[in-house]
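A.B. asks: If you want the building blocks of each chain, they are given just below.
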Amino acid sequence: MQFLSKETHINFMSKRLLAAGFSIILLIVSVTSLVMQGLNFGIDFTGGTMIELGYQEQVDLNQLRQDLADGGYPEATVQNFGSIHDVLIRLPVIETQNMAQLSNEVVSMLQSKNETEIDVRRVEFVGPQVGDELTEQGGLAMLYALIGILIYVSLRFEYRFAIGSVVALIHDVVITLGFFSLTRIEFDLTVLAAILAIIGYSLNDTIVVFDRIRETFLRMRKGTSVEIVNTALNDTLSRTLMTSLTTLLVVVALFIFGGEVIHAFSIALLLGIVVGTYSSIYIASNTIMAMGVSKEDLLPPVKEDDENVNPDGSQV
Amino acid sequence: MNRYPMWKNLLVLVVLIVATIFAMPNLFGDDPAVQISAGRSATVDLDLADKAETALKQAGIDYKGIELEDDKLLVRLTSADSQLQAKEVLNQTLTGDYIIALNLAPTTPDWLAALGAEPMNLGLDLRGGVHFLMEVDMVAAVKQALDGYGSDLRLSLRDEKIRYKQIKVEDQQLIVVFRNAEDRDAAESLISREMDALLVNVAEDTTDPALVMQLNEVNLRETKRLALQQNITTLRNRINELGVAEPTVQQQGDSRIVVQLPGVQDTAQAKKILGATATLEFRLVDFESDVQDAVNGRVPPNSELYYHRDGRPYLLNKRVMLTGEHVINAQSTLDPQSGSPAVSVTLDGKGARIFSNITRDNIGNPMAVVFIESKTETKEIDGELVKVRRQVPEIINVATIRDQLSKKFQITGLDSTTEARDLALLLRAGALAAPIEIVEERTVGPSLGQDNIDQGFASVMIGFAFVLVFMLLWYKVFGFVANLALAANLIFIVALLSMLQATLTLPGIAGIVLTVGMAVDANVLIFERIREELRNGNSPQSSISAGYGKAFSTIADANITTLIAAVVLFGFGTGSIKGFAVTLSLGIITSMFTAIMGTRSVVNLIYGRQHKPKLSI
Chain A
1 MQFLSKETHI NFMSKRLLAA GFSIILLIVS VTSLVMQGLN FGIDFTGGTM IELGYQEQVD
61 LNQLRQDLAD GGYPEATVQN FGSIHDVLIR LPVIETQNMA QLSNEVVSML QSKNETEIDV
121 RRVEFVGPQV GDELTEQGGL AMLYALIGIL IYVSLRFEYR FAIGSVVALI HDVVITLGFF
181 SLTRIEFDLT VLAAILAIIG YSLNDTIVVF DRIRETFLRM RKGTSVEIVN TALNDTLSRT
241 LMTSLTTLLV VVALFIFGGE VIHAFSIALL LGIVVGTYSS IYIASNTIMA MGVSKEDLLP
301 PVKEDDENVN PDGSQV
Chain B
1 MNRYPMWKNL LVLVVLIVAT IFAMPNLFGD DPAVQISAGR SATVDLDLAD KAETALKQAG
61 IDYKGIELED DKLLVRLTSA DSQLQAKEVL NQTLTGDYII ALNLAPTTPD WLAALGAEPM
121 NLGLDLRGGV HFLMEVDMVA AVKQALDGYG SDLRLSLRDE KIRYKQIKVE DQQLIVVFRN
181 AEDRDAAESL ISREMDALLV NVAEDTTDPA LVMQLNEVNL RETKRLALQQ NITTLRNRIN
241 ELGVAEPTVQ QQGDSRIVVQ LPGVQDTAQA KKILGATATL EFRLVDFESD VQDAVNGRVP
301 PNSELYYHRD GRPYLLNKRV MLTGEHVINA QSTLDPQSGS PAVSVTLDGK GARIFSNITR
361 DNIGNPMAVV FIESKTETKE IDGELVKVRR QVPEIINVAT IRDQLSKKFQ ITGLDSTTEA
421 RDLALLLRAG ALAAPIEIVE ERTVGPSLGQ DNIDQGFASV MIGFAFVLVF MLLWYKVFGF
481 VANLALAANL IFIVALLSML QATLTLPGIA GIVLTVGMAV DANVLIFERI REELRNGNSP
541 QSSISAGYGK AFSTIADANI TTLIAAVVLF GFGTGSIKGF AVTLSLGIIT SMFTAIMGTR
601 SVVNLIYGRQ HKPKLSI
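Listed in order, the protein sequences are those of chains A and B.
Using our numbering, you'd call the opening residue of the first sequence number 1 and step up by one each time.
Using our numbering, you'd call the opening residue of the second sequence number 1 and step up by one each time.
In isolation and in its complexed conformation, chain A is listed as follows:
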């Protein structure tokens, strides 16, 4: 089975201005949302307490809210988590209390108001000082990853390629962050991990395309840059789609079967893979074309292979 059975000749680059416009709109929306309302940071970053409880019967959330307010925790937020028997209670940092003991107090208070036994499935408490450090480290981690990649791609290709790949990465990361900002899905530590994985994945895609562009530049004696990039994109199209599909399949499996705890993580990956695939075709290539890469730029570091010679030496 081949769904791209013949060679494709899609003129990707004819839509490059359209794609650039589309991406710029997405970026503006994302940045605006990030500036205006920021991310809905989870307790990993803000500090606070999160308690997941499993009840034996269906939980009346309003009653639970009332109980919490009566018990002295009016600032608690409550939601179902995964099923109608499970609830997630969040408590912000309350400065005047001993935070470490808070979860035990809340649980024993709720248990005293409930006849059947409550299963404490998970408690997470993060002190505000730890949260602040994590936010800083997370930002730094992304920065280090970008710098490391910039250096490697510069060494292996050329600086314009490095810039192209980093532009594509920033594009992917900003849009994913923007999505999380717009939808108010909680941004926790696992989402940060997903975004770093997206950096790796999107780059993987971009590098494959770049590799092919470089090769095509050296092989095609004639042709404009637009034609060459188009050929390279068409040549790699079926691979790009295949890999994205298989990766999407497993992430969908993770999303459906992986459980509530890694939901946000799989959403980030799903989005990141789609955006990463798109950006490696349009954004990365667009950027290097805008910077005017030509055949001469690529000649020195790469030795031209004898393309038409078989390993056994016979010419075809």
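In short, the hints are calculated from the structure, not lab data.
Here the structure is a predicted model, which is why all the values come from computation and not from measurement.
Accuracy of the hints is not assured; some may be wrong.
[Unchecked claim] Coverage of chain A stretches by chain B, computed from C-beta distances (three or more under 8 Å per stretch; other residues unrestricted):
#: 1; region: 121-128
#: 2; region: 150-164
#: 3; region: 172-179
#: 4; region: 188-197
Every residue gets a Cβ at the ideal spot worked out from N, C-alpha and C, and that includes glycine.
Mind docking chain B on chain A? Use the hints.
C.D. replies: Okay, now just chain B, sitting in the frame of chain A:
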């Protein structure tokens, strides 16, 4: 022709066999078990095993076996219920210094264990348990050190007959106030001569002449290091007392300690015991001065005012007879006379000597036991929230010294047996060198842990199945070869994780899932290249060869860049995120091997010998 030399085929085969062996222990489950290890004054031997066996038989608890391993005794049980019962029974019968804890014992067959193959460790999010990050209060540690220097200085100044008005510790500084400049100068030269750990400065702009001292750089660092080390030791002792199998206590950074307690459910108890800063002090009661005067504000210079639990005020000597650090053993009991909860205490040699001297001279006088707990509160001071640590001393018992006491004695006056047990535990485990505070907690209950394992396993398997079907439809025989590589890749990851004894977490499983999706990428690149070569009219054999050859540098570049991101993730990661980075990195590396060498080897075996094969791709 595409043929691999024999050694390459063998290499692939050998690596696969070794990986399979090391991955295998993970197929066998765990037995619920009770682990018995010895404290300081006991040994675990065959006698103990016999005792445990008899006790279990008497209680009618089914068990699979009892093993003596290193200096641990492992009782394997049939179910989680009987595990709890067995712990209870063993706790009651095995009196002595034993640590009895719940554990999971892997059921790796002997022949695998003999090869050194062990299953992966499961992280706390998979097996349940508590993770604490604790921060040592270094300000308090420095203050304590300065307090110590303060008392030394008091003695030295007295010996040298240098008069001073006041010695106090403020803002990480030791301040001595003198009556005149001569005394100050004399003291300064004394301190520079005898106390080289301190940086001495003459205080400017104070009404009275004064000296200001700070710990010097080396001493400051040493003080902090010691505080951290002592706290780690104390925490280990306390955790042993709690009965936890395979706890982790590790330093993190300059002032933090990570504590991981697998399987612990009662987090309230764990927090209380780990964070407790309670200590005991024994002091003589000043019965000569008037307590009522002191309550009204006229406290005699050598005494301090304390309150009993029941609210009654007492005047106690400023001098502390003895502190909890001289306690070598403490057991909760019932006082034989009153039947109320009590703690029987055994002192070390030095403590016993001090204690017997003082009690000998004070027969007939009252003595007080002061229980000091340190509590943290956050208060608003000048609009800013500041953490204030407050010592809450409480007299728990005042008794008349009837005899010369020495090594062993009893503390009574406790509220409940629980309190007696906790106090005994804290006295046994020792006091913390400086107060600690829990700054992060992650608790996963056993039900969620099991759910995480099930869901993680399901998503790996389903994702894996999706990819297998997809690849087979797409690339036919070549797809089948890629699927073999993918299966081998899973085995490799599991084998490597087991060999490294890495800890598998839920994000780690997510990393494996992601690797499954991404690992086929290398094969997709190769196969697409082969198709392309075929389309260009090349012969099947040269297409295979060119496909593998040309795709290689692309695969390498793409994987190295992903690896850079994974390494950064590892460097930054805390706890579970590290697990994700580890499995992702391992997956990238193993997938390069399986997708390039592994598949080539199989493809060569299938097509390599044919002259003009029809490639099923």
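A.B. asks: For every hint, state whether the structure bears it out.
C.D. replies: Here is how each hint holds up against the structure:
1. 121-128: holds (count 7)
2. 150-164: holds (count 3)
3. 172-179: violated (count 0)
4. 188-197: n = 6 at 8 Å, threshold three: holds.
The earlier numbered hint that this structure contradicts is number 3, and it is the only one.
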